[in-house]
Amino acid sequence: MAITNGTDGNKRSVSSLGELSRNVAPPRDLWPSIEAQIATQTAPAEATRERTRLRPTGMQWLALAAVVSALAVGIWVGRSVLPSQGAVQVAQEAPNRRAAEKGPAAAENPAATNVGVPLNANAAPVVDPNSVQAAFVSDPRYTMQRAALIRGLEAQLKTLPPDTQQKVASSLATIRTSITELQDALGKDPANALLQELLVNSYQDEMRVLTAVHEAGGTSGGI
Amino acid sequence: MSIRQPLLISLLLVAASVAHAADRDFEQTVKADPRGSVRVSNVAGKVHVTGWDRSEVEVKARFSGNVERVEVLSDKGRTTIKVILPRSSSRSGEADLEIHVPRQSDLDISAVSADVSTERLLGPQRLTTVSGDVRAEFAKDFEGKTVSGDLRLKGQSEPGDVRVSSVSGDVYLDRGGGDVEVTSVSGDLLLDVSSVTTVRTRTTSGDLSLRGALARDGSVEAETISGDVTVRVKPVAGFQYEATSFSGTIGNCFGRHAENTNAHGPGTRLNGTAGDGRGRVRVKSMSGDVAICDR
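Protein sequence lines, in the order shown, are assigned to chains H and V.
Under numbering that gives the first Met the number 0, the letters of the first sequence match residues 0 to 222, in that order.
Under numbering that gives the first Met the number 0, the letters of the second sequence match residues 0 to 294, in that order.
The hints are simulated quantities; they were obtained by calculation from the structure and are not laboratory data.
You may find that some hints are simply not true.
Computed, partial: chain H to chain V, Cβ under 10 angstroms [said to hold, decoys possible]: (1) A146; (2) E180; (3) L193; (4) E205; (5) V208.
These numbers come from a predicted model, not from an experiment.
Backbone N, C-alpha and C define an ideal beta-carbon position, used for all residues, glycine too.
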């Protein structure tokens, strides 16, 4: 097949690729005009890109909303629907640090040292944060429910017969003492499954008593 | 106005209040469904319910103090008996109720300081008091709750659903059968079961004693924090047992020694099999002593 090589204006026939010249110089220097064109095209494109970056488009808004929604759903599912991770999370803190921090923590949280009837509804459950932490204690539903029950405890107790008030207070104190003992024991043996289980059940016992008092107070108010 | 009139009015008021405070009697009988529900509520005094073969509910009451009246309503198989106290009073009245209901009735009693007792009933019972004691005979399903009242319960060894809880009251259960769940914080639990399928029981500081017969494939779960636990169940087909305690001792009649679970600290465990091991017994305590036996 014959190809015509006509870059130099003198047309001649070539019979193979090897006869074609490797460098063909343009008739004039094209670079200045190319550079000028690039410069004129790049400036508006950059400006547009900047604007695009600063101002999200409709699709980007949608994507952003979807991400936020997914995140919210994820948090809700994680906190409300899924079970707590494991029955008990044991904080592996150094004993000396635990001892050092126990004083201030107890001072901040009167319920932590009070084994009688708790009156501080906003106080955290009786947990030494440096020894053990039952998973559901940090569950907001548990904390809220417990706080609500404790807020009403004093008023509900007053509606009960005096000897019953004493017995309830004594039973709650027994549970608190048990929880403290279990926490102390777990502090020395954090992986002890028996103690972990007993601790979780003791928290449930406390809730059961608070609920029983709540129900009994409602009953004695007028059945 | 002479001085006589105020004097007379005062005397009348005193007489009225004395009459009001004196004991008064009440009696009413209403038709009832043989398998209907009966709901009773009383704050103070007592409630005694007996089952009979008539299709009617009979209420006899003696009340005193500020009790206004006893209300008995019957509608569509549901009978309600209520001791009414005036809202504005100090609510210090009390009433003793003697009630007869159809034997198969579904009974629900709610009391505060009133003692509650039932007998000759075959239907399900739900009895709740705050400080009143409960004494009940039941056939199958039973639920009892008290805060400080004791519960003395007698079943008929029939399979049913038995759930009992107290805060500080003691629980005595005789001839419980089926599925039994008993919990207390500081009350002692003395449970005697017959052919029981499952037992779940727990106390915090109260002592726990379970004895009786375990059905084939039956299971027992007993737990205390500082209370002592004794489990003596005769198995129909043997059982696997596992007892663990953090600092309490574990005794048994199998001739075995509990092993230490922690080489450097407290903790003991005893496990093994009695008979062909169809059932299962698990006991846990923190500092309470544990004793386990199959006879």
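**Asked** Taking each numbered hint in turn, which are not upheld by the structure, reported in ascending numerical order?
**Response** The structure breaks only hint 1.
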